[in-house]
Amino acid sequence: MSDRWQAALAAAPAHRPWPVAIGRPAIFVPASLEGLAVELQRAPESTLLPLGGGTNGLAATKPDALYLLDGLLEPASVDETSATLDLPASMTWGAAQAIAVAYGLTLTDIPDAFADATIGGTLARQPWQPTLHHSATARARCIGLSAMLTTGARYQYKTASRTASGPDLRTHFLGRAGTTGPILRATIEASREAHLPHDLSLPLTAASLQDVIGLQRRFGRALRLLPTPAAATLRLRLRGDRPETALLHDALASLGAEPTARLTNERPAADRWLTLPFAEACALIEASADLFCLALGPTHLTVGLRKSHPPLPFFNHELIREGLLGAGFAHHSEVSP
Amino acid sequence: MAVAALVDELRACLSPEATVTDSATAKLLYARDAWPRLSLQARAGQRAISPPDLVVHAGTVADVVEVVRAAGRHSLPVVPFGAGSGVCGAAVPIRGGVSLDTKRLLDLDLSRAADGLICVGAGWIGQRLEHELQRHGLTLGHFPSSIGCSTIGGYLATRSAGQYSTRFGKIEDMVVSLRFVDGEGQLRHTTEGPLDTTQLLVGSEGMLGVIVDAWLRVEPAASSGRLFRGYWCASVSQGLEAMRRALQAGHQPAVFRLYDPFDSFISGARKAEEGELLLPTDLQHWPRKKAPSWLPAGLSTAELKPRLMTVANELLARRPSATHWLNHLAGKAASGCLLIAGVEEGSEADAALLGQALFDDLSATLEDLGPAPGQYWFAHRHDVSFKMAPILASGMFVDTMEVSAPWHRVAALYDAVHHAVENEAFVMAHFSHAYTSGCSIYFTFAGFGADESDCLARYDRVWKAGLSAVAAFGAATTHHHGVGLLKAPWLNHDQPGGAPLFAAARRELDPAGLLNPGKLWEVAP
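Chains A and Z, in that order, are what the protein sequence lines are.
So that you can map any letter, position 182 of the first sequence is 182 in my numbering, and since no number is skipped, the others follow by simple counting.
So that you can map any letter, position 111 of the second sequence is 111 in my numbering, and since no number is skipped, the others follow by simple counting.
Derived by calculation from the structure, the hints in this document are not laboratory data.
Values in this document were obtained by computation on a predicted structure and should not be read as measured data.
Here are the computed distance ranges between Cβ atoms for each label pair:
1. A:Glu286 x Z:His380: 47 to 53 angstroms
2. A:Glu286 x Z:Ala249: 38 to 44 angstroms
3. A:Pro75 x Z:Arg381: 43 to 49 angstroms
4. A:Val38 x Z:Ser23: 56 to 62 angstroms
5. A:Pro203 x Z:Gly370: 46 to 52 angstroms
6. A:Glu80 x Z:Pro496: 24 to 30 angstroms
7. A:Glu258 x Z:Thr365: 37 to 43 angstroms
8. Z:Ser468 x A:Val38: 31 to 37 angstroms
9. Z:Arg381 x A:Glu80: 31 to 37 angstroms
10. Z:Glu184 x A:Ala102: 52 to 58 angstroms
11. Z:Val3 x A:Ala283: 52 to 58 angstroms
12. A:Glu286 x Z:Ala352: 32 to 38 angstroms
Here a beta-carbon is modelled for each residue, glycine too, at the ideal position from N, C-alpha and C.
Chain Z on its own, in the form it takes in the complex (with noise of 0.2 angstroms):
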């Protein structure tokens, strides 16, 4: 009843750019983000958690004032929505309530851009902004892998990274301030008040208001001044220590990304197939150490990758459960790991002297493999996003996690997580978003189950055993992809004593609790 009233009152006072629908095509669109959990649940014939009661694209910040106000005094939730590509749950409406699509705030204020400062609506796709941006020779800075279907509203909430980070920051460095509709529908900017609010609602994830638009520095663009170099590593060891000593030597490269043995083998053996041998000559073959019984000597590397995947299949085919041999498979077949250095400065001078000094510093220690690696990396730098679909409809689970820790503890994290997910699921890494005091680690896993639920149960088990290991360690739970409800159990290992503190912001800024409620601390550990 509250439902369709609410839906009428939108409909009599939202604007002309707004839409409001309860269809049940919309509910069911907006009932999950790209959390691969939620596409497990769906592929195992679960129904959603809770879809949203209507959900409302807001055409105006207007708009948003009047969605929460309606919403509060109907006692329903609010859960703002981006372009839903978060991976975590943040965005889904575990208690029903609006779905506030914020893509049609699409203000865009360059007037200060000679200050470095822009201000932008929520609900910029960040492809596309990048776009408008470079026309002006103008960039973000930011390139997050999901950057053709996520919003600028969506990297503040969550606190996000691109993957140059490691000259650009992160969203945090970027914002200066915003504007945000709390709770009780009041429009507010953050620098408005004594204190400064932007890093409170920074990473919020909707629940300490509707963000709605920001003002964002920006820098020259770097399209002419990119340069790229790979590197071969002896073990990871060995890279990781090149990038701290490179970052720690004032370097600030755009692109700093070293993967761990096996993907760097599935990289290079990809590249062979499409007749872009990236290897070094002396790598080309394999094996490098003494060779299996069951796979014979002298493959190349082309050769090598349909072989390991049909052992692959042969493997699992009589145990799903075996991936730790999977896992001792990749081992034995791989050798060495990649480095990808990439600079981008204003012109091609700046890069080419900033870029010589790096390189010639890299050289020094590692294999120099020529520009080729960093110029395919950076050719299919957004393909990841594309790579989960085809996995998740094979049958198979996939995910991927994201963790941090300092330079003295990344080596060591990499193993125990490794060791504690191996026998759960297959696992490769790359280490990427680094920075002088220490780095993140990007894992992907990948496994099968017996059936649907059994699939579903070692993915759980997965994500807890690698999880525990992270925070056993100490280390950071969450790098770039928000917290969301896959990661806020965790919350309190990162963040202790946070509980009463972010209860209190809310208690301030959303009195009722009606905004994307029973997320992050509200969540049970």
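For reference, chain A alone in the conformation it holds in the complex (with noise of 0.2 angstroms):
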């Protein structure tokens, strides 16, 4: 939890009763999740939300209230044999990390700020990209859900092993802020595997990022690009325990890729991000590459913009937005690094 929250906490009573009221927005921790439920049958819409570990700053609504999860759910459970996780949302993505590791499980795929981002928190803010179905998010590991609606009832998407056949209303809470109601629990697949990654970093063109693109079709499961903290830089991760390692680090040498320190937590410094398709992308990239890359999928890539970048000749935002509705994407969504 970031620091300010934990100020505003360190103000409420011992024992938080429910309702525990500071400052503005009221910050609640509700003793029980029928307590909970009871006062989001009060709550006018959207005037009561949860809250994580605050580290997002763009927040959808301004509520009256926010409320807090901690300490009501069942603790967290690990299943070593199909390697997943059954987590409180409250748990932060360290401390869920913590129980993997000790498992030998790694979860993959989390957020940067996993000592303060939480489980549901993370899942409240990402909508389904099946676009990144081989770099997957935090939220395409998600296999099961538990959550409340805003009528107090309760919902479950039990586990499976993959999606199930027929509907799935996890898409009602996944990437809906908490407006919805609050995730309560979450199963996530971690991993196994030794990842043993290599880094790899190469200049950013049009060019090389059309190589890039072809190696990621044909190896897109050994292969991902990692957010760059500089602009003009494509940043690639390599998994060392893949047959097809050796191949891609050769491949990528002769490109000019050099190897790298181990990225940790860097964020990029773009102020907008836009998710491309390759055509775009490679356009935009010709036109000007000072350009940040976050994410590379079967289909797109993700680029960031500083607010200060200069106008770009032929960037038309309205342009764009119909190439990228034209070819089924959301228009320029906000992803968060």
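Join the two chains, each given in its own frame, into one complex according to the hints.
Here it is, written out as structure tokens:
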């Protein structure tokens, strides 16, 4: 939990009886799920929202009150055979990772702010992104979910090995920023293999991007684009335990890629992010390589711009928006690193 | 009266490519999908649950809009219909109305194929689309066994999976967005609003909108980069453990299928009859265990199968309900399990690289049978869709049940379901659609009844017992066949509390509730 929320909570009574109100918006700490259900039913829509680690600076709405789920939920459990963790929403990714490691597992694709970001908070911010099939998000690792509706009723998507056929109502909660009710628990797939990654960097040009796209399509399971803290750079991570790693290493070296120190929590300095199909991404890079790269999927690239970025002569938001909609993408989605 | 008026209205406003008919033949054809229970009912002389009042083949997206609006004006339901290959009754027009056939929605936009994206009309038959994509060096990677008689719209509406789902994912992983016509006749794009509703429409089985086209992710075709290998496992547990370890080690084979002992035996016997002895030499003669008195020892695999069929027929002729004896017999006859692994990549070199790593890992614990079992499976991979009709025609009942569970429960779930239904039907299974965290089990069951009515009652008891066992186990009652009428009573088990959420979505997209009414959560548990 971030410092400001810790400070706020420090001012609360030790036992946090329901309700505890601190400042404005008020912060409530419900004493039971039943109590939370009652309050949710009383509250007008979107005036009462769940609070995770407080790492998201882009609140979707301005609530009158926030509530924490700390202490309400059952402890985490681990299914070693299936390599999954069933986690309470209020747990941080850092704590979840510590549990996973204790069982010989690793949680991949977790937020950079793992020390503060919570399971529920991250899932509530990440909508479904099927284009990130290979380079998965934490949301794509979520195979089971328990949540509470704003009516106080409960919903559960029981853990399946993969989404079952028929309807999937998890979309009612994932990426909805808590406005449809809090996520209470989630089952997250972990990874068993040792990744032994190799990190490489190479200059970002339209040509190098085309080559990397080709490699990603061949070996998407072993190749992943990492967020770039510096503009005009592609940083790539190779899984060291894959049979194609050596081949990828050689191919990237022939493009001029050089080994780089392993990245840790480095955040790109971009102010705005655009998710573009490859053709548009390459055209943009052709015009100006002063861009940040965030994520490479099988059909798209997510690039970032600074506010101070000079205007691009052809960079017409409306045209790009039309292009994206035409290709079935949501228009320039804000993607938090 | 409303129907006659609607027919006139539609004939006046639809495109020349569309057809509108209320002929008795058309209504009979569209009264059902491929749910085996409906075949049993028909065989027993029962009439269709409820035929549609009329059948419309939409020729364009605009036709779909017009049909939904016109039906709404007359308060008649609209039931989207692809190719009718569903096996759960999802396309059955239980409240009549319009059966809206989408097979003529055949637009195909390959202009963004370089980006790995295509836009495809809902009416494309899977096999035809795949042929077209292969011509351009592409593949969707979606290969259900019904691929020759099922549509893109049907895949999306049911959230289906193909035989290569371990490699390419399910249809939900391939769809980027889609367009649909909502219950008020508005054409919508799932990414047009602030919230992406693609995954809400996927799997909604025609109750939230009529899917008309979709943007799908495609990959380089892999016709030259395909390798198979078969393995022999001592038991189901050993085979499952080998699959789990391989997947959790990072392998991602296109094909990963483990057959239970009797399914393996049937496969081996069939291949032996065709002169392809695929089992290891020491397994080609039965028995490995002590032989029962009624079955002589030393039979070859090819000789064993007809002998078993004779014994089974004699047994069932005397006592049709003695299916547990048949299951017992199967357990005595069979020994060991066949596992098929296959990789499919964009080039021979890539397939060789990735395949060798997988095959080396599997060979460390399992007996390598070489490429023949996988090649045989590949050549016959769609046969299952054509085997049910003759079995049903013979007077038996037959169906398949696909469920899934996390790895730590898969073997026990297999035992539980087998035990639950073995007194009512003969049952065998294979394990496919395997992922890092779990696996699907695909049960095939068949049986007899004293008469048609008894056959139907027994069929229903098998499903109730089987899915009750799945539910009691906390596993998922469906994996890739959809929900329909068959599995709707178990939706509240898989997604407790989902009813009000789905009802809210329906109020938003179909306020009058005219799109495929009476399905999913609208079926009484």
